[in-house]
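Enquirer: Whole structure, please, built from the sequences with the hints as guidance.
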Amino acid sequence: MTDFEGLIRSLHGAGVRFILVGGFAGTVYGSSRVTLDLDVVYARDGDNLARLSQALAPLAPYLRGAPRGLPFELDVHTLARGLNFTLTTSMGDLDLLGEVTGGGRFEQLLAHTHRLHVAGTDIDVVTLPQLIRLKRAAGRPRDLEAIAELELLLEAGSGTAS
Amino acid sequence: MKRTVLFSGDMSAPGSIADDRLEPDPVIETYKIHVDRSLIREQLARSIDERIHNMIAALRFAERLREAGERRPSS
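Residue numbers (my numbering), protein chains in the order written: chain A, -15 to 146; chain B, -5 to 69.
A couple of the hints might just be wrong.
Within a straight-line C-alpha distance of at most 25 Å, the following computed SDA-like cross-link-like pairs (lysine to any residue) qualify [as the list claims (entries may be wrong)]:
(1) B:Lys26 <-> B:Leu16
(2) B:Lys26 <-> A:Ala121
(3) B:Lys26 <-> A:Ser16
(4) B:Lys26 <-> A:Asp127
(5) B:Lys26 <-> B:Arg15
(6) B:Lys26 <-> A:Gly123
(7) B:Lys26 <-> A:Pro51
(8) B:Lys26 <-> A:Ala122
(9) B:Lys26 <-> B:Asn48
(10) B:Lys26 <-> A:Leu20
(11) B:Lys26 <-> A:Arg117
(12) B:Lys26 <-> A:Arg89
(13) B:Lys26 <-> A:Asn68
(14) B:Lys26 <-> A:Leu128
(15) B:Lys26 <-> B:Arg40
(16) B:Lys26 <-> A:Pro125
(17) B:Lys26 <-> A:Leu138
(18) B:Lys26 <-> A:Thr19
(19) B:Lys26 <-> A:Arg120
(20) B:Lys26 <-> A:Ala140
(21) B:Lys26 <-> A:Leu43
With beta-carbon atoms standing in for the labels, derived distance ranges [stated by the list, open to error]:
(22) A:Ser74 <-> B:Pro20: 43 to 49 Å
(23) B:Thr24 <-> A:Ala122: 15 to 21 Å
(24) B:Thr24 <-> A:Arg17: 16 to 22 Å
(25) B:His28 <-> A:Ser74: 24 to 30 Å
(26) A:Pro125 <-> B:His47: 38 to 44 Å
(27) B:Arg65 <-> A:Arg126: 25 to 31 Å
(28) A:Ala44 <-> B:Arg65: 25 to 31 Å
Stretch-level coverage of chain A by chain B, calculated; a stretch enters the list once three of its residues show a Cβ under 8 Å from a Cβ in chain B [said to hold, decoys possible]:
(29) 9 to 16
(30) 96 to 110
(31) 116 to 125
(32) 130 to 136
Read the hints as simulated data drawn from the structure, not as lab findings. Glycine included, each C-beta is placed from N, C-alpha and C at the ideal position.
Expert: So, in structure tokens, the structure goes:
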């Protein structure tokens, strides 16, 4: 089972610049749906890739669903050559997104975030309206119920600024 | 219109009010009929930490059920 709070603290503690998105962001805003992995959009500059690599190295990151034994190392070069990584780690499943459908890259998405206190840390979380837009843009039929719940949470006032 | 912040913890820009607007989608509107609104109200009364801990507790429960199913002798 994914240690959501542990993963967040590991990334935050290493100074990784990331934005929380996905189902766990929905949990923050009040979604009652269970999610299995942590989804983050990360900044792609060299310094951040180095921090990300260092933060995850102790967690033995590996490509989720890939056969065991592949020569995979999540170092700066691997991160620079790839974009989106679905990983399994010793703390559970982590999706590293260099770009997200409907939201673009870290710098573009940052304009649609709030700084929230989550898992004992202050992190950037995608706003609820933008989270809904991302899920709409993903176009997955299985997200329809989740989007309906998120929109009702928005209508009820969750995630809105005063 | 004054809006209310319904989550705990500090919130700061760069999120914007213009960010709030969403075009209604008829398919999503249909799905909303089936959402338990009492659960929405309960969730909004909770802090972020409580929401996270509740979700993790549900995940643990599902995990225990899955493990129990795996241990069940086949007939």
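Enquirer: Which numbered hints are broken by the structure, listed smallest first?
Expert: When the structure is compared with the hints, numbers 7, 12, 13, 21, 25, 26 turn out to be violated.
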